[in-house]
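Protein chains: 2
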Amino acid sequence: MPNVQLAEAFYMANEALKSFSPTPASIPPPSVNYRLRLPDDTPVHHHALNPLAFLLRAAQIYPNKLAIVHSDVKHPVIYSYAVWAQRVQNFSYGLLNAGISPGDRIAFIAPNIPAIAEAYQGILGARAILCAINTRLTHGEVAYILEHSGAKLIFVDHESTHLVKDAKVPVIVIHDTGRQDDPYEQFLTAGRKFSNERGWPGLEWERNEDAACALNYTSGTTGRPKGVLTTLRGSYLAAVANAYETGMNRESTYLWILPMFHASGWTFPWAITFAAAAQVCLRSVSYPHIWHHLINSGVTHYCGAPTVQIGLINAPLARRLEKPVNAIIAGSAPTAHLIGELEKRNIKPVHVYGMTKRLTVNLTYFALYVRSETYGPSTVCYQQPGWAALPLEERARLLARQGLTYATAEEVRVVFPPEEGEGADAPLRDVPKDGKTMGEIVFRGNIVMKEYFRDPGATAKAFRGGYFSSGDLAVWHPDGYIGIMDRSKDIIISGGENASSLAIEQELATHPDVLEASVVARSHPKWGERAMAFVILHPQKADKWAGKHAEFEKDLKTHARKKLPGFACPEWVAVVPELPKTSTGKIQKVELRKLVAKL
Amino acid sequence: MPNVQLAEAFYMANEALKSFSPTPASIPPPSVNYRLRLPDDTPVHHHALNPLAFLLRAAQIYPNKLAIVHSDVKHPVIYSYAVWAQRVQNFSYGLLNAGISPGDRIAFIAPNIPAIAEAYQGILGARAILCAINTRLTHGEVAYILEHSGAKLIFVDHESTHLVKDAKVPVIVIHDTGRQDDPYEQFLTAGRKFSNERGWPGLEWERNEDAACALNYTSGTTGRPKGVLTTLRGSYLAAVANAYETGMNRESTYLWILPMFHASGWTFPWAITFAAAAQVCLRSVSYPHIWHHLINSGVTHYCGAPTVQIGLINAPLARRLEKPVNAIIAGSAPTAHLIGELEKRNIKPVHVYGMTKRLTVNLTYFALYVRSETYGPSTVCYQQPGWAALPLEERARLLARQGLTYATAEEVRVVFPPEEGEGADAPLRDVPKDGKTMGEIVFRGNIVMKEYFRDPGATAKAFRGGYFSSGDLAVWHPDGYIGIMDRSKDIIISGGENASSLAIEQELATHPDVLEASVVARSHPKWGERAMAFVILHPQKADKWAGKHAEFEKDLKTHARKKLPGFACPEWVAVVPELPKTSTGKIQKVELRKLVAKL
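Sequence order for the protein chains is L and U.
Residue numbering for the first sequence follows the working numbering, starting at 1 and increasing by one per position.
Residue numbering for the second sequence follows the working numbering, starting at 1 and increasing by one per position.
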């Protein structure tokens, strides 16, 4: 692909990429009309919002610009926007060819490979609904989702085929080669044939922007997973906000660390095309590969959980980068320690990024508040001009809050939980803005999900009072910012006092030798409950405390007593090599509780 | 206002600002709920798009941040977002208090002062429609617009009261003092009283995002002006695109050079609040004031006509700026000379801005394609990665095209004009992408106007074939970019050949001594028509040619013959001190034609 404007690095560093060429079906005709057929009654001035518009525009303006590259595999691939758009069109026709109708659900089980990125675009051309499934689920969980979603067709990566054995609908296996003999490529080729070169105008633009776009099942910490149904309009507006708030533009390169199967990749699949940026796929979160891209591939943006960052700063290849990188952090509050370590390497978590004086987007994500039901990021701890001057730890404390709503979001509030026997329509009452009174975070607006699929009961419950009830407990600070405390089960009730395990974790993490800490309730003969802390030591400090657990426990407790009320100080401290985490890097407290229950 | 985070410059440099304090009615209550009342049946996940949402969000997140400042007047004012939002709320209630109902038109005649910026926000709270009128119109023209729009209420700046004498509806005179005794301030104070402290929740959110937002009358070069009716949805999406494409963020400061009365200021009144940026008002386009702000006020963005730039680079205060400034240029093609001169002063017209390596928005406006009917900027000559390396003049030629559609725009095409007796529904036929065949630019999508107000005939004519017909002639280049030639009357038909006066102007402007050139047709005994050029010499070169008109004419014609076909070379050359221009900096060729007709 001589004509493609490639990031030097990919092309020069990778012999296999140089010799790669796309399948014949991926090559667009000489002249392409990048417009779908609009319904006849479409007004001149009012077109249904649809994130597919971004890819069509990017391909029209930058046909030869790098769209997507997948370099860290045996069979690397690289596509320009013109070629990639053709593959997406083939995907759409492939679905029609397979008998898919508007509104049908398509299951997709794969890591961050080009095929799933193509699916996020291609389903829109066929007006189908993408149901991307977590590759870490069990066969039973996947079976439930396939059943509940009523998926008509399944795409599965060759490493995950065991998850769909005895599936009742057709299965297309993806070998992730980009080569002609790959069943997935054969699906695209069939689509191209079926299109009969009708091209984009042969596909119809969805007339209703409130139509469903994706169906994302919650990781379901308790009970059955629920299917979060998103809309075209919401995906469009969330993607625009992501591109704007993170400062992505056509010079940006996005690295896929966050799983695309997770909450539609927070709509970044479309934020990237809105910005006409390049995206780099990654089959697995491998720190050497990530560092290779940070150092050589001109990566400017990535999303990830704090745990990913922790691995990143401790990887052997870790070094200071020449250009700043925007790390959009989700999952829990980055600690002062983590922020400091990242800054040393010139990786700026977006929420401290703003402290630089550059005229660029300048804000805080606060990722504890990423929810599938809100298309991913929904509030940001926007930095106030005064904060830049504050000491790191104080900054971190201010930044460890959820802040206020996102660019295209509407309303967020913290309200009192429903009274006993209160109706679902009872008006919500705000908690006072005192930073103390706990309430529930509620949301409404254009980046709130449409419903829980096929679950009117759960939807009605979640939408009480005309807002989406997050189930997350928080306080409302005097400055109007929202600060998440814990889900109710994370509250430790000790001698009648409520202690927030998150608040305790925040304080323990300020201990110089602590890399990460997680706290759960453990029953206590006298106090009812007491905090038990699970702690990972900073690698450089592990030796210092080797064989001295008692001394460390004493030291940590002394540290804690300086900062926490007595009832919140951990009664027990366990030093562990690692903590149980979900595929998206969230600590599985349920596992810790099981463990504690046995003590 | 000690608590306001002010741009140092304003506060320190201006004694009058230090002593200023807002009227009592401008001071918000201690705690504000920044939400309007939503219609009862509003879905949790679907709120009507409305650009007022941006101001509410900015005030909630950054109450103490500088919102708007007006410093170059006898009575300067400065408002934080919290205070400014209160004034906007007062404006909304002031309208209700005056008996204004949803859908009523409000006429506003003022230069770029805070009052009109407040109107752009305040009308939305009252669900009224803003009809901003060009202050340079005659009494007769204004009378026509007042009559045709059916305005219920008129706001007029104290310098323009003659335009509304004997108006049949109430008139509120703005003395632009921000002081209590100003009739405009009394209007706001009355609104505050009327609100009875019900605040934002006392106002209802418009349920229909397709409802009208503004009514902007075209400058009407020929015939009666037409009323361009825009919508809330279109204004929201256009403003988001403007903020994104120009890289405006909360650290930005926007300088008001472009008249706010012109096409809703291209929706920048809302792009600024979307970005939570600061805005600087300017009663009149005074180069000393502009340079003062560029040098001292941290201005990062402004929009303007090329003629403004020309004045700017030749102003005595002109110098190289420390930080780059984004100049969004509209009205006609900047020449290579102009781009070079601006770059020397570190003023980067946005369309060359992209040549820097900074990770920031990186694109080209091409402003010949700013139309009221498309909310201002609608296409951009996006730069291709390869262009940066090209010589300035070649860059300028590539950049002197309209390019492709804007971030939230949809479709643009160049089509053949309608055949004789062809129906309005006849499908449009694209011209070949050969860079030669002339056709008409047509548009459709969310940033196209809703209609010409009270003119179904003109609307139907403008919307033939399901697109907005711009009436602008253009070619479609092989790279897919659109290049405007001229409006049909700007075509010079010479010996049967069609010469584009714009193309001729472009070439004449490449002459080293030419600052600006305008070309019109003049009748010719032999050829039917021939080009006559009106030329402004570069100040530094004026002496060189003083008293040597014949020599200069010869020199310019020789220059032209090198670049243009014989039939396009100007037959006559007039050197003039200035060219007749509209208030928005567009050259009034109609005046030049009148002049030529007399020759």
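It is possible that some hints are incorrect.
The list makes no distinction among identical chains, and a pair is therefore deemed to hold if it is satisfied within one copy or across any two copies.
BS3-like cross-link-like pairs, simulated, lysine-lysine; straight-line CA separation at most 30 Å [claimed, not checked]:
1. K461 <-> K581
2. K548 <-> K436
3. K193 <-> K433
4. K433 <-> K586
5. K548 <-> K74
6. K436 <-> K152
The hints are simulated quantities; they were obtained by calculation from the structure and are not laboratory data.
Please read all numbers here as calculations on a predicted model, not as lab measurements.
- Can you tell me if K433 and K586 fall within 30 Å by alpha carbon in one copy, between copies, both or neither? Within one copy only: 29 Å inside, 53 Å across.
- First find the shortest C-alpha distance between K548 and K436 inside one copy, then the shortest across copies, and answer within, between, both or neither for a cut-off of 30 Å. neither (38 Å within a copy, 82 Å between copies)
Notebook entry, point to check: Between copies, within a copy, both or neither: which fits K436 and K152 at Cα up to 30 Å?
Noted result: neither (49 Å within a copy, 50 Å between copies)
**Prompt:** Can you tell me if K193 and K433 fall within 30 Å by alpha carbon in one copy, between copies, both or neither?
**Reply:** between (61 Å within a copy, 27 Å between copies)
Have a look at K548 and K74 and pick one of within, between, both or neither, based on CA distance no larger than 30 Å.
-> For K548 and K74, the Cα distance exceeds 30 Å both inside one copy (46 Å) and across copies (74 Å).
Margin query: As a check of your reading, is K461 near K581 (CA-CA no more than 30 Å) within one copy, between copies, both or neither?
Written below: within (28 Å within a copy, 63 Å between copies)
In the structure shown, a violation is registered for the earlier hints numbered 2, 5, 6, in ascending order.
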